[in-house]
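Those protein sequences? They're chains A and B, same order as listed. Residues 4 to 254, numbered by my numbering, are exactly what the first sequence covers, in order. Residues 5 to 154, numbered by my numbering, are exactly what the second sequence covers, in order.
Simulated from the structure, these hints should not be mistaken for laboratory data. Note that the coordinates shown come from a computational prediction; the quantities given were computed from them, not determined experimentally. Hints may contain errors.
What the hints assert, rightly or not - For lysine to aspartate or glutamate, the following DMTMM-like pairs were computed, each having C-alpha atoms within a straight-line distance of at most 20 Å:
id	chain 1	residue 1	chain 2	residue 2
1	B	Lys-89	B	Glu-102
2	B	Lys-89	B	Asp-121
3	A	Lys-121	B	Glu-45
4	A	Lys-121	B	Glu-129
5	A	Lys-121	B	Asp-121
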Amino acid sequence: MKLPAWLHKFASPPHVYGFAGALYPWLLGLSLVLMAVGFYGGLVLAPADYQQGDGFRIIYVHVPSAYLSTAVYALMATASAIGLIWRMKVAHAVAAAAAPIGAWFTLLALMTGAIWGKPMWGTYWQWDPRLTSELILLFIYLGYISLRGAFDELGKADRASAWLAVVGVVNLPIIHYSVIWWSSIHQGPTIKKLGSPSITMEMVWPLLLLIFAYSLFFAAILLQRLRAEILDRERYSRWVGGVVQATASPT
Amino acid sequence: MKPRNQRMLAVGIILVGVSLAVALATQAFQENLLYFYSPSEVLAGEPPADRRFRVGGLVEADSVQRQDGVLEVEFRVTDMEQSLKVYYDGVLPDLFREGQGVIAHGNLQADGSFRADQVLAKHDENYMPPEVAETLAKHGHPVDTAGQPN
Numbered sequence: 004m005k006l007p008a009w010l011h012k013f014a015s016p017p018h019v020y021g022f023a024g025a026l027y028p029w030l031l032g033l034s035l036v037l038m039a040v041g042f043y044g045g046l047v048l049a050p051a052d053y054q055q056g057d058g059f060r061i062i063y064v065h066v067p068s069a070y071l072s073t074a075v076y077a078l079m080a081t082a083s084a085i086g087l088i089w090r091m092k093v094a095h096a097v098a099a100a101a102a103p104i105g106a107w108f109t110l111l112a113l114m115t116g117a118i119w120g121k122p123m124w125g126t127y128w129q130w131d132p133r134l135t136s137e138l139i140l141l142f143i144y145l146g147y148i149s150l151r152g153a154f155d156e157l158g159k160a161d162r163a164s165a166w167l168a169v170v171g172v173v174n175l176p177i178i179h180y181s182v183i184w185w186s187s188i189h190q191g192p193t194i195k196k197l198g199s200p201s202i203t204m205e206m207v208w209p210l211l212l213l214i215f216a217y218s219l220f221f222a223a224i225l226l227q228r229l230r231a232e233i234l235d236r237e238r239y240s241r242w243v244g245g246v247v248q249a250t251a252s253p254t
Numbered sequence: 005m006k007p008r009n010q011r012m013l014a015v016g017i018i019l020v021g022v023s024l025a026v027a028l029a030t031q032a033f034q035e036n037l038l039y040f041y042s043p044s045e046v047l048a049g050e051p052p053a054d055r056r057f058r059v060g061g062l063v064e065a066d067s068v069q070r071q072d073g074v075l076e077v078e079f080r081v082t083d084m085e086q087s088l089k090v091y092y093d094g095v096l097p098d099l100f101r102e103g104q105g106v107i108a109h110g111n112l113q114a115d116g117s118f119r120a121d122q123v124l125a126k127h128d129e130n131y132m133p134p135e136v137a138e139t140l141a142k143h144g145h146p147v148d149t150a151g152q153p154n
């Protein structure tokens, strides 16, 4: 299988560096505007829940974070697989840049869940299938990051950590289906079944908008981190010297 | 075979292999992964008698009995087929009420009742403003904890 031609451009670090730099401010700006709208809709306009009162509003942080914790992992694993199969260094750079962001989203999902769980369930933590598999996801992220750090040679770090990322994909369906396969304290998916009254319109539109806004925010941060990662990897190349001189010289 | 295709095959084989291993492992541990038992399962003697376990179900309507001045409370947990009497001495979570899903952790006593040392409320996936819940109830469609409107 051959890669399509337009993808070949994305194997070139200077091209990706420039592309990411051009896209970054737009993604960041749009995500911040949408976040403001989404939080206004969720925290001000949406009504309180019939059982949880205002406590339910933590879903506007919890659900997008939890969604991204797995989506970022899927992206990281895909980039790792592309890096392994096509020996594409930029793909490894994408995976390496994504990992810490994914780990933070995972931590945020776990922490907001614990804060909500104490008053609603009566406990911060339970060794429940959903909670445990999400915690394992955090450990896989941390393992990925430390494994990268354990090698002096970049190529070895790329390959070893990419295999870990690919193997860890097994955890994603477990997280997703844990509430369906096993009896669990965590509730089932709310947004999946549109139509039945799982959640009212006034509550769900800010949630969907925020999931989108968080995703754009992730994309923006990823591109900025990717630029740093590329500069670091290519630090001995001539084009990076040019970039550094251009930023340093004006004064 | 080209080296690239070999690597693709390697990634595929690893993925399939690990998925298979995890699927078999979770199948084997299905019983240990079971987070709670239903009252019917408890009455059928499924949970081990000498170990602590969890019972999950709905708090049966009109079954909650409190005594003045103490935290001690008793109620029945039902799965709509059978129900189990539960004693608990402690603070109940905010969402605890009759008809609500709960999970009680503790052990079975000699008289067949359940002594819980922890009671957790299980929230469902329904979110709605209070007015909607009232309207649903008025029209005979109370939202039950199994997640589907009756």
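Sort out whether B:Asp-121 lies within 20 Å of A:Lys-121, counting only the CA atoms. 16 Å, holds
Are A:Lys-121 and B:Glu-45 close enough, with their CA atoms no more than 20 Å apart? 28 Å, violated
Within a Cα-Cα threshold of 20 Å, do A:Lys-121 and B:Glu-129 meet the stated pairing? Satisfied, since the Cα-Cα distance of roughly 17 Å is no more than 20 Å.
Given hint B:Asp-121 paired with B:Lys-89 - CA-CA distance at most 20 Å: Given pair B:Lys-89, B:Asp-121 holds - Cα atoms ~14 Å apart, limit 20 Å.
Do the alpha carbons of B:Lys-89 and B:Glu-102 lie within 20 Å of each other, as the hint requires? 14 Å, holds
In terms of the numbered hints stated before, the structure departs from hint 3 and from no other.
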